[in-house]
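Chain residues, written in single-letter form:
Number of protein chains: 2
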Amino acid sequence: KIAKIYLVLFPMHLNHIFNSFLVCPATEKHVKKYLHQEVFLVEESGEDYRNLTLPYISSQSFSVQWVHNILEKKAEADRIVFEDPDPDTGFVLFQLQDLYLIAIVHRRDVKSLRDLTSEHLPLLTNIRSKGEDAIQRQYGIPPRKLCMYLHYQPSYYHLHVHFTSLEFDAPGCRVERAHLLSDVIQNLQADSSYYRNCSLAFPLRADDGLLLRFKEAGKL
Amino acid sequence: KIAKIYLVLFPMHLNHIFNSFLVCPATEKHVKKYLHQEVFLVEESGEDYRNLTLPYISSQSFSVQWVHNILEKKAEADRIVFEDPDPDTGFVLFQLQDLYLIAIVHRRDVKSLRDLTSEHLPLLTNIRSKGEDAIQRQYGIPPRKLCMYLHYQPSYYHLHVHFTSLEFDAPGCRVERAHLLSDVIQNLQADSSYYRNCSLAFPLRADDGLLLRFKEAGKL
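From first to last, the protein sequence lines are chains A and B.
Using this note's numbering, read the first sequence as starting at 1 and increasing by one per residue.
Using this note's numbering, read the second sequence as starting at 1 and increasing by one per residue.
Hints listed in this document are in silico derivations from the structure and should not be mistaken for laboratory results.
All values derive from a computational prediction rather than experimental measurement.
Even glycine gets a Cβ: it sits at the ideal position worked out from N, Cα and C.
Don't take each hint at face value.
Over 10 Å on every C-beta distance to chain B, these chain A residues come out as not near it, computed from the model [what the hints assert, rightly or not]:
1) Lys-73
2) Thr-89
3) Leu-99
4) Arg-108
5) Leu-121
6) Ser-129
7) Ala-134
8) Cys-147
9) Tyr-149
10) Glu-167
11) Cys-173
12) Ser-182
13) Gln-186
14) Arg-196
15) Gly-209
16) Gly-218
Derived DSSO-like pairs (lysine-lysine); straight-line CA-CA distance at most 30 Å [to be verified]:
17) Lys-74(A) - Lys-111(A)
18) Lys-73(A) - Lys-111(A)
19) Lys-215(B) - Lys-215(A)
20) Lys-219(A) - Lys-73(B)
21) Lys-74(B) - Lys-111(B)
22) Lys-130(A) - Lys-111(B)
23) Lys-215(B) - Lys-130(B)
24) Lys-111(B) - Lys-130(B)
25) Lys-74(B) - Lys-130(A)
26) Lys-111(A) - Lys-130(A)
27) Lys-130(A) - Lys-73(A)
28) Lys-74(A) - Lys-219(A)
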């Protein structure tokens, strides 16, 4: 295990690896493994999510302990740029790079975009407005120069929103993985179960366990 | 004017300029001009489109003669990979780079994503299925490794769909400009006027005439 290499698992963007940020420790072996993987675009219906993806996520019990540590200030508290402590609509704004932040919600019952309904609109609009304000104050970047989006599939199943400068060529802002916060809000305003029912396309590496589930079910 | 430099106008991706492809001739001055522009994210409601964007597009009368030349085989016919000649649902599949193609529709009455309604579903699903087939035959790339999307704002106001390999780090596939074809089809199936009414976010350079219109209207 080499001293401290951190690898971000954006399957599409390993040519941006020099841009990648700190999420989880990785060995040289990991780095190599992720460099040479084929990628497939999966289309997941709402039913596929319930029958394939949700059981897979649950069976893996991916740890989000490191997220809880951030929320509880047990780790990397110096990277917290802003906090709204409200248990329902609050979040921590966490700096990954100069122009790359994430809003991590305090609620622990929202795994991803798929769980969002109109019930979560106050949470999402709060993240948008207070996140924009905090970034303008802290970095002088006006809202019109910000890109705010969610990933699906996310790297970890605890709801978070990405904030990057429009002028920053962020990894992971590609259309097949990113969903603009403004679109998410708009779609939920029109239809509370939009993300429960819609088909969502996302890329998976050839060695991803979830891809195997889709293959076994004849969905690829 | 230098011999034949071609520049693609993806404001977000000038660090990808080495990847750019042939659309319209550019001088060295153009290249420099586009290298140093601030970029802003505009949110355009359906009303903004009708009041600001559509009059602007019309007043500029951007030429799409070069597109018509391709459709009529008067130019670059050797780059046509496939054609469906149907006047309503047909298109030309045109190769820009090895792993980057565009489907240009034969219809001349659809400017962009904003004009699409459920009336255009046969066109869009035809582009998807015949485009996928042609690319599989010609390049051996299966549909699951393809990314198909539309731009809004597009570079030119004649409907076209982008086809890239998932593994190709294409310029212009960023979430704030690209709309997955599968999402467009799905949204139109649920609501024929989805793209007439929704708000669409897109990036504009500081020197874009359209940005000035939004500024003058107090929308920025």
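Evaluation of the provided hints:
1. The claim that Lys-73(A) lies off the interface holds: its Cβ sits roughly 31 Å from the closest Cβ of chain B, which is beyond the 10 Å cut-off.
2. At roughly 22 Å from the closest C-beta of chain B, the C-beta of Thr-89(A) stays outside 10 Å, upholding its exclusion from the interface.
3. At roughly 13 Å, the least C-beta separation between Leu-99(A) and chain B is larger than 10 Å, which holds for a residue marked as non-interface.
4. Separation of Arg-108(A) from chain B is adequate, the least Cβ-Cβ distance of about 26 Å exceeding the 10 Å criterion.
5. Residue-level check passed: Leu-121(A) sits 15 Å from the nearest beta carbon of chain B, beyond 10 Å.
6. Listed as outside the interface, Ser-129(A) is consistent with that label: its C-beta sits roughly 14 Å from the nearest C-beta of chain B, beyond the 10 Å cut-off.
7. Against chain B, the non-interface label of Ala-134(A) holds: every CB pair exceeds 10 Å, the least being about 18 Å.
8. For Cys-147(A), the condition that its CB be more than 10 Å from all CB atoms of chain B is violated, with the nearest at approximately 6 Å.
9. Separation of Tyr-149(A) from chain B is inadequate, the least Cβ-Cβ distance of about 6 Å not exceeding the 10 Å criterion.
10. At roughly 6 Å from the closest C-beta of chain B, the C-beta of Glu-167(A) falls inside 10 Å, breaking its exclusion from the interface.
11. Annotated as non-interface, Cys-173(A) brings its C-beta within 10 Å of a C-beta of chain B; the closest such distance is 5 Å.
12. The beta carbon of Ser-182(A) is not kept farther than 10 Å from every beta carbon of chain B, the shortest such distance being approximately 5 Å.
13. Here Gln-186(A) does not stay apart from chain B, with its beta-carbon only about 6 Å from theirs, under the 10 Å limit.
14. A cut-off of 10 Å between C-beta atoms confirms that Arg-196(A) is not in contact with chain B; the least separation is 13 Å.
15. For Gly-209(A), the non-interface assignment is confirmed: its Cβ lies about 17 Å from the closest Cβ of chain B, beyond the 10 Å cut-off.
16. Distance to chain B confirms Gly-218(A) as a non-interface residue, since its nearest Cβ pair spans about 13 Å, more than 10 Å.
17. Proposed proximity of Lys-74(A) and Lys-111(A) is supported: the alpha carbons are some 21 Å apart, at most 30 Å.
18. Our distance criterion of 30 Å between C-alpha atoms is met by Lys-73(A) and Lys-111(A), whose separation comes to about 21 Å.
19. As the CA atoms of Lys-215(B) and Lys-215(A) are separated by approximately 50 Å, the hinted pair breaks the 30 Å bound.
20. Among the hinted pairs, Lys-219(A) with Lys-73(B) is inconsistent with the structure: their alpha-carbon atoms are about 39 Å apart, more than 30 Å.
21. Straight-line distance between C-alpha atoms of Lys-74(B) and Lys-111(B) comes to about 21 Å, which keeps the hinted pair within the 30 Å bound.
22. This hinted pair does not check out: Lys-130(A) and Lys-111(B) have alpha carbons roughly 37 Å apart, beyond 30 Å.
23. Proximity of Lys-215(B) to Lys-130(B) is assessed by CA-CA distance (about 42 Å); at most 30 Å being required, the pair is judged violated.
24. For the given pair, Lys-111(B) sits about 22 Å from Lys-130(B) by alpha-carbon distance, which is consistent with the 30 Å threshold.
25. Taken as a hint, the Lys-74(B) and Lys-130(A) pair is broken in the structure, with Cα atoms around 54 Å apart against an allowance of 30 Å.
26. Between Lys-111(A) and Lys-130(A) the alpha-carbon distance is near 22 Å, which keeps this suggested pair within the 30 Å criterion.
27. Distance check on the hinted pair: Lys-130(A) and Lys-73(A) sit about 20 Å apart at the alpha-carbon level, within 30 Å; holds.
28. Of the pairs offered as hints, the one joining Lys-74(A) and Lys-219(A) is violated, with about 42 Å between alpha carbons and a cut-off of 30 Å exceeded.
Violated hints, listed in ascending order, are 8, 9, 10, 11, 12, 13, 19, 20, 22, 23, 25 and 28; each of the other numbered hints is respected by the structure.
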